[in-house]
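Can you build the whole structure from these sequences, using the hints too?
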Amino acid sequence: MSFKEKVIYQIYPKSFLDTNQDGVGDLPGIEKKLPYLKRLGVDMVWLSPIYPSPQNDNGYDVADYTAINPMFGTMDDFESLMATAKDNGIEIMLDMVFNHVSIEHDWFQKALAGDQKYQDYFILRDKPTDWVSKFGGNAWAPFGDTGKYYLHLYDVTQADLNWRNPEVREELFEVLRFWMDKGIKGFRFDVINVIGKDEVLIDCPENDGKPAYTDRPIAHEFIRMMNQATYGEDAEIVTVGEMSFTTVEDCILYTNPEREELNMTFNFHHLKVDYKDGKKWTQMPFDFAKLKELFHTWGTQMSEGNGWNALFWNNHDQPRALNRFIDVDNYRVAGAKMLASSIHLNRGTPYIYMGEEIGMLDPDFDMMEQYVDVESLNAYQELLIAGKSEQEAFEIVKAKSRDNSRTPMQWDSSEYGGFSKTDPWLGLGKSADEINVAKELQEGSIFTYYQQLIKLRKDYPVIAKGSYEAFLPEHPQIYGFVRRLEEHSLLVLNNFFPTETTINIPEEFLTGNILIDNYETQAVEEVITLKPYQTIAIYH
Numbered sequence: 001m002s003f004k005e006k007v008i009y010q011i012y013p014k015s016f017l018d019t020n021q022d023g024v025g026d027l028p029g030i031e032k033k034l035p036y037l038k039r040l041g042v043d044m045v046w047l048s049p050i051y052p053s054p055q056n057d058n059g060y061d062v063a064d065y066t067a068i069n070p071m072f073g074t075m076d077d078f079e080s081l082m083a084t085a086k087d088n089g090i091e092i093m094l095d096m097v098f099n100h101v102s103i104e105h106d107w108f109q110k111a112l113a114g115d116q117k118y119q120d121y122f123i124l125r126d127k128p129t130d131w132v133s134k135f136g137g138n139a140w141a142p143f144g145d146t147g148k149y150y151l152h153l154y155d156v157t158q159a160d161l162n163w164r165n166p167e168v169r170e171e172l173f174e175v176l177r178f179w180m181d182k183g184i185k186g187f188r189f190d191v192i193n194v195i196g197k198d199e200v201l202i203d204c205p206e207n208d209g210k211p212a213y214t215d216r217p218i219a220h221e222f223i224r225m226m227n228q229a230t231y232g233e234d235a236e237i238v239t240v241g242e243m244s245f246t247t248v249e250d251c252i253l254y255t256n257p258e259r260e261e262l263n264m265t266f267n268f269h270h271l272k273v274d275y276k277d278g279k280k281w282t283q284m285p286f287d288f289a290k291l292k293e294l295f296h297t298w299g300t301q302m303s304e305g306n307g308w309n310a311l312f313w314n315n316h317d318q319p320r321a322l323n324r325f326i327d328v329d330n331y332r333v334a335g336a337k338m339l340a341s342s343i344h345l346n347r348g349t350p351y352i353y354m355g356e357e358i359g360m361l362d363p364d365f366d367m368m369e370q371y372v373d374v375e376s377l378n379a380y381q382e383l384l385i386a387g388k389s390e391q392e393a394f395e396i397v398k399a400k401s402r403d404n405s406r407t408p409m410q411w412d413s414s415e416y417g418g419f420s421k422t423d424p425w426l427g428l429g430k431s432a433d434e435i436n437v438a439k440e441l442q443e444g445s446i447f448t449y450y451q452q453l454i455k456l457r458k459d460y461p462v463i464a465k466g467s468y469e470a471f472l473p474e475h476p477q478i479y480g481f482v483r484r485l486e487e488h489s490l491l492v493l494n495n496f497f498p499t500e501t502t503i504n505i506p507e508e509f510l511t512g513n514i515l516i517d518n519y520e521t522q523a524v525e526e527v528i529t530l531k532p533y534q535t536i537a538i539y540h
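Using the UniProt record's numbering, you'd call the opening residue of the sequence shown number 1 and step up by one each time.
Note that these hints are calculated values from the structure, not bench results.
Once the Cα atoms are required to be at most 25 angstroms apart in a straight line, the calculated PhoX-like pairs of lysine-lysine come out as: (1) Lys-272 - Lys-210; (2) Lys-430 - Lys-33; (3) Lys-455 - Lys-32; (4) Lys-148 - Lys-134; (5) Lys-33 - Lys-458; (6) Lys-290 - Lys-280; (7) Lys-38 - Lys-182; (8) Lys-210 - Lys-276; (9) Lys-279 - Lys-210; (10) Lys-148 - Lys-117; (11) Lys-86 - Lys-4; (12) Lys-32 - Lys-182; (13) Lys-32 - Lys-439; (14) Lys-290 - Lys-134.
In structure tokens form, the structure reads like this:
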């Protein structure tokens, strides 16, 4: 099966299922729930990092690329998980954090101890530039007592690797080969478009220094080298790159098959349409016109350039999309289905983030003490310094924190949501009693809707492989698009608002049939009134 037909499910292992009752999810917990994921119909499961790590950035600070963090289990547990996944027809995708390592990693420790070979594994300079870390503050930190500074684009405990050093590249390629030998069929590359820093590092006041290290031409060269040395040898392996502050032009280059780089890319522009003046730690209603313009631009241009999008609303770094885009008090179920249709019927590979298939919401915490995410805690302090009151700062964090999506999976209405029998590492969402897997499977309809969408991608080639064109791009409420493949076409209409709106259906679709609909539309007519958050797909 091509990556274009697959649907991928993301698990945040700390929060999926705790089987040894230490409050932290683990690999046996994931293995135990594989039949559930098989029932949903997904083809591949992406695990956020499971490697040894001090957990300063929840595992994205890797201390050893080829071992299992004891908090999640053992290598035997991992191999058992792999075998059970295979039995359930599910492949595993691992997260590769190749831009940086934890300062506890052997390489960094050897560099600190004076080993010159390993000092060249990192980006060391006598004088720091003015670049700003993505987690706030200067992007450089003192390298021990050497008088030098090391680059950390992220947390101060995450030292950027020097990809210009061929020995570093070979070390990382060996990591991929190690996991390929274990049977891994998917790799998700964390912030892979920032690996190619300029050779000469100078001040870059523009956009906090990002132009000096984002989407540089050499990053494409490095990724092509990686492809040709490792996963490019196995056509079954699925690769996706997380792209920070990227462009559609670059993502076409990353994903056009002729270039031998990656299968697909994540970009985050559509999840910044509720950022006031482009800044994350602000609050404003989402800008629908901007959202739609981004979807149409990326959909059309990636289609024309033979690139491929990884499609998603949720992940471990984002608040729940339902809280951002939907009136959840009145239309949680209809809204969940509409958001699902808008990407599962789209051109690209859809990703489901754990809990999305049951309509999980942000946790609705009451106080700052409930948050643990380093980015959120830093942002809260910066908001206070900027003059916000404690309440104002808290409300912003509550809306934007990465912890919103990291709360434990809600399996049932027992004390800890069926996630654990003890206090979890991060508090449960308030909605766990009402929104959980047990209740959803018994009486809900979001899960079954996701099952339908996944099956449609397999049954209708126009969904997996068709082109993309915008439909009614100026409409104030509708995000619509048409997919075409040979003589078949699909019209998808998504009402992004809690009010009705009327649409004239193009003549070519009047003889079509309704493939999926989150209300009970009886037939295709010349004029259709879409109900609040209605989604409808017409196949011809």
